[in-house]
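> Now for the letters of each chain:
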Amino acid sequence: MDLMDKLTILADGAKYDAACTSSGADRPGGGGLGSTIAAGCCHSFSADGRCVSLLKVLMSNNCIYDCKYCVNRSSNDIARTSFTPEELAELTIEFYRRNYIEGLFLSSGVLRNPDYTMEQMIRALEIIRYKYDFWGYIHAKTIPGASPDLIWRLGLVADRLSVNIELPSEDSLSRLAPAKTRKAILRPMAQIAAGRQQNTRELAHYKHAPTFAGAGQATQMIIGASPESDYSILRLAEGLYGRYELKRVFYSAYIPVVEDSLLPSVETKPPLLREHRLYQADFLLRQYRFVADEILSEEAPNFNPYLDPKCNWAIHNMHLFPVDVNTASQATLLRVPGIGPLSAKRIVAARKTGRLGMPELKKIGVVLKRAQYFITTADNPTGLHTGREATVRALIDPGVYSAGMEQLSLFGPPGMGLPALPGPGDVATVAQAAEEVVACLAKAM
Amino acid sequence: MPGKSDVMPCGRRTYCGRANCRHTAHCRKLEAQQEQAAAKSGADVHGPAQGRAPRPRPAPSPKKPLARPADVVYLYDGSLPGFYCCVYESVYSHELPLAIWPEDDAPPTLFRQKLIATEQDKAERVRASVPKKISAAALELVETVYLSCLAEKEIAMLRFLLLGYQRGRPVMQMLGHADVAPMLAAQKHLGGEAHLLLGFVRFSDYDGVLGATISPKNFILPFIASHFVSRYAQEDFLIYDKTHKAALIYEQGRQRIVPMEGIVFPKASEAEEAYRAMWKQFYNTISIEARENPRCRMTHMPKRYWENMLEVQDLL
Chain A
272 MDLMDKLTIL
282 ADGAKYDAAC
292 TSSGADRPGG
302 GGLGSTIAAG
312 CCHSFSADGR
322 CVSLLKVLMS
332 NNCIYDCKYC
342 VNRSSNDIAR
352 TSFTPEELAE
362 LTIEFYRRNY
372 IEGLFLSSGV
382 LRNPDYTMEQ
392 MIRALEIIRY
402 KYDFWGYIHA
412 KTIPGASPDL
422 IWRLGLVADR
432 LSVNIELPSE
442 DSLSRLAPAK
452 TRKAILRPMA
462 QIAAGRQQNT
472 RELAHYKHAP
482 TFAGAGQATQ
492 MIIGASPESD
502 YSILRLAEGL
512 YGRYELKRVF
522 YSAYIPVVED
532 SLLPSVETKP
542 PLLREHRLYQ
552 ADFLLRQYRF
562 VADEILSEEA
572 PNFNPYLDPK
582 CNWAIHNMHL
592 FPVDVNTASQ
602 ATLLRVPGIG
612 PLSAKRIVAA
622 RKTGRLGMPE
632 LKKIGVVLKR
642 AQYFITTADN
652 PTGLHTGREA
662 TVRALIDPGV
672 YSAGMEQLSL
682 FGPPGMGLPA
692 LPGPGDVATV
702 AQAAEEVVAC
712 LAKAM
Chain B
595 MPGKSDVMPC
605 GRRTYCGRAN
615 CRHTAHCRKL
625 EAQQEQAAAK
635 SGADVHGPAQ
645 GRAPRPRPAP
655 SPKKPLARPA
665 DVVYLYDGSL
675 PGFYCCVYES
685 VYSHELPLAI
695 WPEDDAPPTL
705 FRQKLIATEQ
715 DKAERVRASV
725 PKKISAAALE
735 LVETVYLSCL
745 AEKEIAMLRF
755 LLLGYQRGRP
765 VMQMLGHADV
775 APMLAAQKHL
785 GGEAHLLLGF
795 VRFSDYDGVL
805 GATISPKNFI
815 LPFIASHFVS
825 RYAQEDFLIY
835 DKTHKAALIY
845 EQGRQRIVPM
855 EGIVFPKASE
865 AEEAYRAMWK
875 QFYNTISIEA
885 RENPRCRMTH
895 MPKRYWENML
905 EVQDLL
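Respectively, the protein sequence lines represent chains A and B.
So in this note's numbering, spot 189 of the first sequence is number 460, and the numbers just go up one at a time.
So in this note's numbering, spot 130 of the second sequence is number 724, and the numbers just go up one at a time.
Check each hint, because a few of them may be wrong.
Stated by the list, open to error - Cut-off 25 Å, straight-line C-alpha distance, at most; resulting in silico cross-link-like pairs (SDA-like, lysine to any residue):
1. B:K726 <-> A:G625
2. B:K874 <-> A:V638
3. A:K633 <-> B:G762
4. A:K633 <-> B:E746
5. B:K811 <-> A:G311
6. A:K714 <-> A:H656
7. A:K518 <-> A:A480
8. B:K874 <-> B:Q846
9. A:K633 <-> B:K874
10. B:K782 <-> A:G625
11. A:K540 <-> B:A884
12. A:K623 <-> B:K874
13. B:K726 <-> B:L757
14. B:K782 <-> A:A480
15. A:K540 <-> B:K897
16. B:K782 <-> A:L639
17. B:K897 <-> A:D319
18. B:K782 <-> A:P299
19. A:K616 <-> B:E734
20. A:K616 <-> B:G786
21. A:K540 <-> A:R560
22. A:K634 <-> B:A693
23. A:K540 <-> B:S881
24. A:K339 <-> B:S881
25. B:K874 <-> A:G311
26. A:K633 <-> B:T738
None of these hints come from the bench; they were simulated from the model.
With the hints as extra help, turn the sequences into a complete structure.
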């Protein structure tokens, strides 16, 4: 089998991994080949709109495990192959020289046993790092069940490590991935977190101490293959950020690849809107200083399909609005729908030289489409006095009627007495449904 | 030990006497008040600052504009020093021209035209005044916008500088001002394009030398140079900017940007073709059909970059 075929098979097996970020490591070139930028760098965008930053491949798709949701499960009838460490190293370097990629994202099926797989991966990465003197980005996925010293060695050659949490609960894990246990997943996660803390201290004392997973760790879970509520997923993510200091949690809408009685049928569309809402909420946790309990609760455990989580929070907390852009703190501004970290920072900087009105806000780049209903400005000291319905109509996510014709959550309606999403193609229903939603949300305000 | 005589009028213990001491202005005001009171009562309360004549403060400058709109068009040679000479001319003849155009591609006009000669010493004076009277960031902004694709950028730069000379350092905070916002927007546009190009450049290996073509709207070569130089320190490479007819050349550890009318790359070798094919194959494989979203792709990777990108060239 030639390299082209191997690349095709092993890239195809890796494409369902959500992450392709190259951020978190800031390492200017050191004389060898390559460098990294803290913000990361996208080199291309695939037809599904996802960033292609790293050469995302599997070391091998020859897996001994039989996880029900996975395209590489041992019982699936597909072509199997593996890269040799040398092949993979050369391919990575040649792609990198041509500026196709920012680095390598290496994952693998479990070949023979976890430790053997990890050794193969480490060999490939060591060739890249030491033989080719490569300074670019490497993201490696640890294999569940591998021994701690191999994880340590992997962290010395990779910038970012990740351990896939796979499914949001222990129960789902035991049903769909019987060979993996929650404990076996969390143990390396804890080891990486502790290793990084220790490494930070070492680096403070010894400048040339080897860096262990400098760009931190991430994880990924599959959404929509198992019955957890959005609330429990978000709580889980919050816990992971707090406990293991993860840089990112990725959510991957389940795409049916194999038929199984335990899984949604193959015709099910991937819950893309739900995934989108989870990412929005995830940003609220990481960059907007929200906590999970503000976004969702036991009583309303699923996302509102019509509103993004921040708008949804805002219309249920109207007593906190409007806020005055000329006096409100940066943290308060961050809670206004439509104002993000950059806009908040700019507002705080710009108001030092004069009071801000709507035209000034527009000029400094604040998007007012949603924000205008929640702020007061110099030229509008009492805020907009539109009715509740007009406010809600402006906040509704337009994506919900185009891309979002899908079942948001497998188990349960959106809640709050909202109508279910209309079926695709039925324009009359859509317009009617939109009016119903507006009335319903306005009442909730 | 500071004696009682060292106490300043405002109550501070020591009198540093430095011109930029933030207490000095306050002290002078108090001193003046005390002197006035003393002149009235005939007693001398001139304690600590004896012998230190208060410096005459410059009269507050009236906020009238430095230059008045005039029906004149400046023509210059298109260089950055040439632009600085236009600023010099504008300030010293108190006129804000209607437009500043490079003389080579100036459209015909009925307005009075003034050909501004480039003089190095004038340009140097203007350039040096920017960090002194405004800030270093303002100089960086002006020189960045000079390389941007902003329409009528010269007049925007002049308006910004005139405002800056009047307002000083805070002008960089006036994000919403009509003379500042377009400058910041142009800088952001250039910065954004430079960042995208870091990823979108596609090199081919021509017998050990890497070559690439780009066609950006802004002249971003100076902004991406350091990134590629540090990334490919051991390689020799060339990036040709088709729009601005210039090339970034890095060979044997030295980089330079040179004007270049055109370039013809040699035919790709067999190995090169093989890697190109593998990259295309990887690109096509990595996409998930169930999530296809061409609009999203175009948002992140606008079509105008596609002509130089191997994997999407064929889709155009």
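> Could you run down the list of hints and mark each one as holding or not?
Status of each hint after checking the structure:
no. : hint              : result
1   : B:K726 <-> A:G625 : 23 Å, holds
2   : B:K874 <-> A:V638 : 38 Å, violated
3   : A:K633 <-> B:G762 : 24 Å, holds
4   : A:K633 <-> B:E746 : 22 Å, holds
5   : B:K811 <-> A:G311 : 23 Å, holds
6   : A:K714 <-> A:H656 : 17 Å, holds
7   : A:K518 <-> A:A480 : 22 Å, holds
8   : B:K874 <-> B:Q846 : 31 Å, violated
9   : A:K633 <-> B:K874 : 42 Å, violated
10  : B:K782 <-> A:G625 : 23 Å, holds
11  : A:K540 <-> B:A884 : 8 Å, holds
12  : A:K623 <-> B:K874 : 51 Å, violated
13  : B:K726 <-> B:L757 : 14 Å, holds
14  : B:K782 <-> A:A480 : 38 Å, violated
15  : A:K540 <-> B:K897 : 29 Å, violated
16  : B:K782 <-> A:L639 : 19 Å, holds
17  : B:K897 <-> A:D319 : 15 Å, holds
18  : B:K782 <-> A:P299 : 23 Å, holds
19  : A:K616 <-> B:E734 : 21 Å, holds
20  : A:K616 <-> B:G786 : 19 Å, holds
21  : A:K540 <-> A:R560 : 33 Å, violated
22  : A:K634 <-> B:A693 : 23 Å, holds
23  : A:K540 <-> B:S881 : 16 Å, holds
24  : A:K339 <-> B:S881 : 22 Å, holds
25  : B:K874 <-> A:G311 : 22 Å, holds
26  : A:K633 <-> B:T738 : 23 Å, holds
Hints 2, 8, 9, 12, 14, 15, 21 from the list above are not met by this structure, while the remaining hints are.
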